[in-house]
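J.: Here are the chains, one letter per residue:
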Amino acid sequence: MSMHTRAFGEMHILIYGQDPLVPMKLEQTFAQARPADEIRFDSFEDYDQAYDFAKENKSVGLVFLLENCGEMDLNSVYKQFSKLGDQQDTCFGVLIHNGQESFKGLRAMKDNDHLIAYYDVNDLLDADKAPFLLKEIWEKYQEAFEKQVIPSALAQTYRSMALLHVNEEELSFRQRLCTLLTGEMNVSWKEGFLLKWHPVLEVLEKDEGNVLHANKTLTDYYAAIKPEAGMRDITAVANGEMGVAQKVATATSILGDIAQAQGLETFLQETLANVSPRSKALLRTMKRHQDRIVEFSQSSTKQQAPRLLKVV
Amino acid sequence: MGLRLVDFDPNDYKLGEVLASKDGDTLITEDKISAVLSLYFQWPTESSAFAYFDLPGRPSFKIGLDYDKEERTLSQLMISLPEGVSLTSVDKAFIRIDVFNGCYEFESPVIDSFQDGTQWLIVTPPTELKSIKVRRSTRVSVEKVLNAKIETETGLEEVQLTSLTLNGFVLNKRFPKGTSGKLHLGNLSLKTVYARDIEDKSAFALIFESDIEASLYFDFYRQTAYPNLKPRSEVDPEALYELFVEAGFFGHFSGKFDEADRAKKAQACWEDLKDAQHFSTADYVVQENGKLLGSSSCALAYKKQDTEYWVFHQLCAKKDTDTLDLTGDLYAWRAEYLWNRKSNITSVFWFRSESRWLERIYVKYAMQSPERGEVRPAQLFAYIHKTENFKVPKATTEKYGKGPRSYYEHDEAMGGLGPDYVHINRNMNIIQANGDWEETFKAAEAMSASLNRQDSYFRVVMPSECPPPQLPEDRWDYQNSVNRHAEIKKEGMLDFIACLRHSIAVTKRKHTKTG
Chain B
1 MSMHTRAFGE MHILIYGQDP LVPMKLEQTF AQARPADEIR FDSFEDYDQA
51 YDFAKENKSV GLVFLLENCG EMDLNSVYKQ FSKLGDQQDT CFGVLIHNGQ
101 ESFKGLRAMK DNDHLIAYYD VNDLLDADKA PFLLKEIWEK YQEAFEKQVI
151 PSALAQTYRS MALLHVNEEE LSFRQRLCTL LTGEMNVSWK EGFLLKWHPV
201 LEVLEKDEGN VLHANKTLTD YYAAIKPEAG MRDITAVANG EMGVAQKVAT
251 ATSILGDIAQ AQGLETFLQE TLANVSPRSK ALLRTMKRHQ DRIVEFSQSS
301 TKQQAPRLLK VV
Chain Z
1 MGLRLVDFDP NDYKLGEVLA SKDGDTLITE DKISAVLSLY FQWPTESSAF
51 AYFDLPGRPS FKIGLDYDKE ERTLSQLMIS LPEGVSLTSV DKAFIRIDVF
101 NGCYEFESPV IDSFQDGTQW LIVTPPTELK SIKVRRSTRV SVEKVLNAKI
151 ETETGLEEVQ LTSLTLNGFV LNKRFPKGTS GKLHLGNLSL KTVYARDIED
201 KSAFALIFES DIEASLYFDF YRQTAYPNLK PRSEVDPEAL YELFVEAGFF
251 GHFSGKFDEA DRAKKAQACW EDLKDAQHFS TADYVVQENG KLLGSSSCAL
301 AYKKQDTEYW VFHQLCAKKD TDTLDLTGDL YAWRAEYLWN RKSNITSVFW
351 FRSESRWLER IYVKYAMQSP ERGEVRPAQL FAYIHKTENF KVPKATTEKY
401 GKGPRSYYEH DEAMGGLGPD YVHINRNMNI IQANGDWEET FKAAEAMSAS
451 LNRQDSYFRV VMPSECPPPQ LPEDRWDYQN SVNRHAEIKK EGMLDFIACL
501 RHSIAVTKRK HTKTG
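One line per chain: the protein sequences are B and Z, in this order.
Quick note on numbering: the first sequence equals residues 1 to 312 in my numbering.
Quick note on numbering: the second sequence equals residues 1 to 515 in my numbering.
Source of the hints: derived by calculation from the structure; they are not laboratory data.
Computed from a prediction, not measured in an experiment: that's the story for all the values here.
There's no promise every hint is true.
[Said to hold, decoys possible] With a Cα cut of at most 20 Å, we get these calculated EDC-like pairs of lysine to aspartate or glutamate:
| hint | chain 1 | residue 1 | chain 2 | residue 2 |
| --- | --- | --- | --- | --- |
| 1 | Z | Lys177 | Z | Glu151 |
| 2 | Z | Lys69 | B | Glu184 |
| 3 | Z | Lys508 | B | Glu10 |
| 4 | Z | Lys386 | Z | Glu259 |
| 5 | Z | Lys32 | B | Asp128 |
| 6 | Z | Lys508 | B | Glu184 |
| 7 | Z | Lys173 | Z | Asp211 |
| 8 | Z | Lys319 | B | Glu10 |
| 9 | Z | Lys319 | B | Asp52 |
| 10 | B | Lys196 | Z | Glu151 |
| 11 | Z | Lys69 | B | Glu10 |
| 12 | B | Lys280 | B | Asp220 |
| 13 | Z | Lys508 | B | Glu241 |
| 14 | B | Lys226 | Z | Glu259 |
| 15 | B | Lys280 | Z | Glu259 |
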């Protein structure tokens, strides 16, 4: 169950090509692999129908494009569909060949870094292979998305700037905690990406006000999961009405602050003492991983000790 | 294992062929289990769940199933019991879920329970699901009082039918095991045998002795199963023709060979075909609040050895998401109708790939049941045959309503001709060929000759890459609007309905953007 119910978030996935029946067969193979997401996949053999669909929905985030897609070149067809979305920068494409990579396909891949993969249609139509290939495509998609929103050089800068305000161990604890909770909670792929960056972004937002504002795409996305200010009660967070990702972000911030004040183990013992199967997922997850969370915090503190000594 | 009897809901395809329920596969992989559960939670209107418990009296309930949507991997399921039900000391729950046409059972330990006005039981998720061979035809509840007579060894007795299936019924009282006799239903008299008891009632199976008997029973069954479905003969032919026009039907099928007096000829043909109803054709319309919303037909097109090929054809419906379910009925009744007949039947249909909804239904079906159906690209032509006195064997001719129809059977081509307006644009004058035009001409000649015709209009279905015939353009035309050929074998027709219902649900959700 590595791809969970909200993995694809709210995006639509468009499949287009002119090989008779193949687009629908791909749609239905993907639907078999991901039944809960059948409504996200739409296939077309007619260019105008596909174009109208992308224009009307404005939420196409991934395009599967068969090489046999008419007289227009592959990049042009891809661009026609991707430009119609609300977030065209974060729409990506997958090229599909008919059993053999072609010069046309390879050239399109070289010319357009938004085309993230090139697959054999027979592999994608294989019901046994499709779930794995979809997962692989999905990982490539997320990687490409991340590079688009926070390019490598900028990522380095953000992290360095955050370390001016918090020490590495503290940041590391929060990041490990976020990763642990994100892995267990039903967050969408986009939320997962933002949660990965949440400890850094939280520091930057607090201490380097304007740095983030230059990256509007990122700040827009981050606004949706930002921790709720002033919340200190983990049980209230778990039982509250906020979104799952926001709960994870808020819980990470609360536990991070408590760990910094050296009271994490006692806090978790008291807070999680009465957690049972009827409790909310966040609390059950924390209870399940209580020892690991304490261990994260202790290993951060241990790493911190020599450094503190050095300073002394 | 487990309780398979359920309270009836006409929208559900539930457990248990009355006579032949049997356990099926066990699903043990995470992917398959999560796929089933995904579908269950994704389609609340298409699914239901029941649970029973290992307690004295084996209490069973229709339950609500829920889970914590905030966790990524399902770690537990929550069962809500009906209002007023309170269970203590329950260690284990046996749960059955129905989704579309599939039914699955599992057992799970109860790990916690609590009350918040409703009683909740928390169970661990299944590690395996047992797929139950579902009753292949829907059991529909009879809403009004439906009287019939049952004739058994003990005599003739007045009874009430409480629910119907395509090949069975449930009576309002219990009968002894082994009872057999005849069910008298209006003018129909049908062989029947006791199947099982359901609470204080008895279920019987029907044994049809002929196609016409099965079809006449279907006509009775559809009044409960498809209350909006009426025989075409009951509606005004002019209003029906107008519906075809309004629904844009002719836009897809018009061509240069259309006859100017089509409306008149089609309506006259419908009159002549009244006698063919249930013998070689079945034509129904959908009406709601007196308003005509759609029409669909199936008809015997050609034969090969012991197989009858019936075409699903001339479906027209007002395009509206609100009436999508009714449109679904226009598809579904034909599958049930043909499944119920005794003969060996394959259904055939052609459609446009631009209709993504249809393509979704048929490709979904063909992928799920490749041994029972297929969809392939096709090239359709309109062709005017002029008799050339080929030396070919004559085709066979049979009565088809008031007129004759000739049938041609050959490895390379098969077809049927007449009456012209069985399909509203003559497309039931059909030749299904493997790509060889010479064999096609022979088929056309044989059928035309057997009906003593000089000129005959045909729809010719060829493989997708087939070139047009080497004939002057006034003899042929492309039917570009249609480019798919699909077939479903009889044994797969009820699976097809499950695909259909699922596809309609997906399409509706897409259109209403609630997904």
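J.: Hints numbered earlier in the text: which of these fail when held up against the supplied structure?
T.: 6, 7, 8, 10, 12, 13, 14, 15
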